[in-house]
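> The listed protein sequences correspond, in order, to chains Z and F.
Going by the numbering used here, the residue at position 94 of the first sequence is 94; the numbering climbs one at a time, nothing skipped.
Going by the numbering used here, the residue at position 227 of the second sequence is 750; the numbering climbs one at a time, nothing skipped.
Be a bit skeptical, because a hint or two may be false.
As the list claims (entries may be wrong) - Going by beta-carbon spacing under 8 Å, a handful of chain Z positions derived as facing chain F:
1) 37
2) 43
3) 45
4) 194
5) 238
6) 374
7) 378
8) 405
9) 408
10) 413
11) 444
Hints are computed from structural coordinates only; laboratory data are not their basis.
All of these numbers come straight from a predicted model, not from anything done at the bench.
For glycine and all other residues, C-beta sits at the position ideal for the given N, C-alpha and C.
Next come the chains, spelled out residue by residue.
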Amino acid sequence: MPPVMFTRRTLLGSVAAISVIGLPRFAFGQTPNDVLVVGHVAELQTLDPAQAVTISDFRILINIYDGLLRYKDGRLEVEPGLAESWDISPDGKTYTFALRKGVKFHDGTSFDADAVKFNFDRVLDANHPFHNTGPFPFVFTLGPIDKVEVLDPYKIALVYKEPYAPALTMLAGAIGGLAGISPAAVKKFGKDFARNGGGAGPFKFIEWVSGQRFVLEANADYFRGAPTLKGLVFRPIIDENARVSEMQSGGTDITIEVPPDNIATFTASTDYIYYQQPGPHLWYLVLNTKTKPFDDKRVRQAINYAINKGAMVTDILKDTATVASSVTPPAFDWAYDGGLKPYPYDPAKAKQLLADAGYPTGVDVTFYVTESGSGMLSPQLMGTAIQADLQAVGIRAKIETYEWNTFLGKIIPAMPADVGVAELSFMTQDPDMHPALALRTGAAVNSGGYSNPKVDALIDQGRTETDRGKRGAIYKQLQDVIYEDAPWVFVANWKQNAVSSSHVKGFQLHPSFTTRFYGTSKA
Amino acid sequence: MASLILRRLMMVIPVLFGVSVIVFLVISLIPGDPARAILGTFATPANVADVTHQLGLDKPLPVQYLIWIDNLFHGDLGRSYILHKPVLDEIMAHLFPTLLLAGAALVLASVFGIVFGIVAAVHQNGFADRLITLVVLIGISTPSFWLGMLFIFWFGVRLAWLPVGGMSDMFGGGGVVDVGRHLVLPAATLAAVAGAVLVRLTRGAMLEVLRQDYVRTARAKGLSERRVIHGHAFRNALVGIIPVIGLQAGFVLGGAVYIETVFQWPGIGRMLVSAISTRDILLVQGGVLIVASAYVLINLITDLMQAMLDPRIRVA
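Take the sequences, apply the hints, and build the full model.
See below:
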């Protein structure tokens, strides 16, 4: 008998064997009661909170690293973290933190003021011996820190070059987790720290199998007490349909970010719990205020009236977003002007304003649309809907579509002169950040070239006012000015979503787009 | 035979060199700025310039290529800026799953393709032949990602016989049986098209051979039909089938890119998809180079196997 025959028969046999093994109904949903499996949108990129740039990374890292401060449950308000209390100097430049005592890092070393100084110096000082463990792309969000001073073993001061009021919200945010890194771990792993990590948070890193799983174990010595869950497993499932199938087949206990079209599948069944949470996100159209026709305020207002945002939110986004009214997302409840209503859908008014501005027969504009992108929801469908609405009032938009990174490169820092409109979205931690980066005269990502001295002044005031009540009032005023001047078309505020099986208890999404699993358990 | 192997190996060198140049150029020239991809919407031009410099992307292309090639000769494919680890480590971590999946799919496709091809040829125009031809037509015309989704829906979600994705269970898994169960759906999906092609080809090759004089002679000698088909006809048909299996190996490797994404199979394909979306240039370059080299290697092996089976090629 020729050897080929032998191979064929053997192989047929093994195929049959595999089929038989596959036949008995596999008991899904048998993940251990105290370990939660999370369907995650992407592979983790780094275990270093100072290097992380994506929301999907921060969602994991927040469970490993505590910052000096943290957000309250469900709100973007700060509360004590590794710092028990804090104090701001009258000039608004020095922030002093009293640190919690007796906190141990996962590697057994102790948390103290020297550790905090090490962590800040590592990212801020280019001459620090461990600066080469970087780069640290988002460190600029911490603000203009001049130096970090150890006042006593449990007291530390951050001294700013100029008053920087967003400091607290930034320190409570995900990048603030860099304050809670174990210096011993950084020294031990060097450049490989990003693959090993080491914090003092409720969960510690155990295993990272590329493309398959990222495993965390409960930190029994966590200073707030050991978490209920014994472990957390994040499975990177990039394809959104695959995420849905895994959830349905019991391969995951919880899935973050369910595509709008699949939400009904889960809300219709009592086997699942559906979660939804607005966050500080804004989806908007940048208008080129430097050239015709959007150099005229009336045309900018006209386009705001022309678009039926309500229909877009219901039909395309299936209510995973709300209609935006202005530059500040409602998630910043302390700074959001609730009295401000979104521009209503009013094509007649839009036509009138266009005519007043000298475009009675309409106007032609070029409209940049992106294929996809972080926080961009359904950019192509939304772009087409917008184009149709604009057509109805006489704004003839010519769509040009680009891949996300190419798109960003084309509109940042400035849109080309012949482009009138571009889609964009932002997620932020503080109401200062977005206007300061994208609306202040000459700001780094001010794509539309917008310039308004009143807006600049209010942004500066908001940055230096350390009293939060007064700060909030400034941002409400800022919103009103921007609303009226309409440098953008405010379209939608995204509500992030998640779905879990019904045996998951105590989970909640957070407006900061991070997910803390400390209080979560499985019944 | 030794000189043939040597000659074929020599030919591989310029091919691989060409592959490296093309891979490097194509990936360097596609639009989209890696620094911008890393930094996202928050990126200020100064940030972007910084990161571009750190990535070495501000150097002229030929210089970037020479650095890359030089490192390559030292077994260093660079360090992924996105994943913060050596590219080679990341590729190695994903190589075995891809080989396993592609290998299983190829074996499945070959076994079913050849068996059903022979059956169809032997029963030419009969019921079995018509049925097989119909199934083959469906197999060839169904996009594999769609077939994969159907499999997931039926066997994973509805019937819950098999896991819908991943390579092993999160808990207590990881053994041969566990991986095997996870392998069934993606391998079957991937094998569908290649298997269908092989059925067609085997059927054609067998029909051709069955008409030859030596088959008639064998029958005339009074050999059993079994011996005639297996011993005489099939062996000769195989010479035409082997290179096509080699070609299919290439297609299976390419198809793995989609299938791995659909089934979350932790292989090179899925790694590449995510590396492309994050503009992880070094990882994409390394990954594509490995896949392209594997393709070249498969061709080499196919050539050599053909030579072993058919003495006429050896002489040429």
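> Compare the structure with each hint and give your call.
Quick rundown of the hints versus the structure:
For residue 37 of chain Z, the suggested interface contact is upheld, since its CB lies about 6 Å from the closest CB of chain F, less than 8 Å. Proximity of residue 43 of chain Z to chain F holds as hinted, the smallest CB-CB distance being about 6 Å (cut-off 8 Å). With a least beta-carbon distance of about 6 Å to chain F, the hint placing residue 45 of chain Z at the interface is held under the 8 Å criterion. Here the hint on residue 194 of chain Z is kept, as its CB sits about 4 Å from the closest CB of chain F, short of 8 Å.
For residue 238 of chain Z, the suggested interface contact is upheld, since its CB lies about 6 Å from the closest CB of chain F, less than 8 Å. Checking residue 374 of chain Z against chain F: minimum C-beta separation of about 6 Å stays under 8 Å; hint holds. The restraint placing residue 378 of chain Z at the interface with chain F is violated, with a minimum CB-CB distance near 17 Å, outside the 8 Å limit. The closest approach between the C-beta of residue 405 of chain Z and any C-beta of chain F is roughly 4 Å, which is under the 8 Å cut-off, so the hint is satisfied.
This hint holds: residue 408 of chain Z has a C-beta 5 Å from the nearest C-beta of chain F, less than the 8 Å allowed. Against a cut-off of 8 Å between C-beta atoms, the interface hint on residue 413 of chain Z holds, since the closest Cβ of chain F lies about 5 Å away. Interface hint at residue 444 of chain Z: satisfied, since its Cβ lies 3 Å from the closest Cβ of chain F, which is below the 8 Å cut-off.
The structure is inconsistent with hint 7 alone, although it conforms to all the rest.
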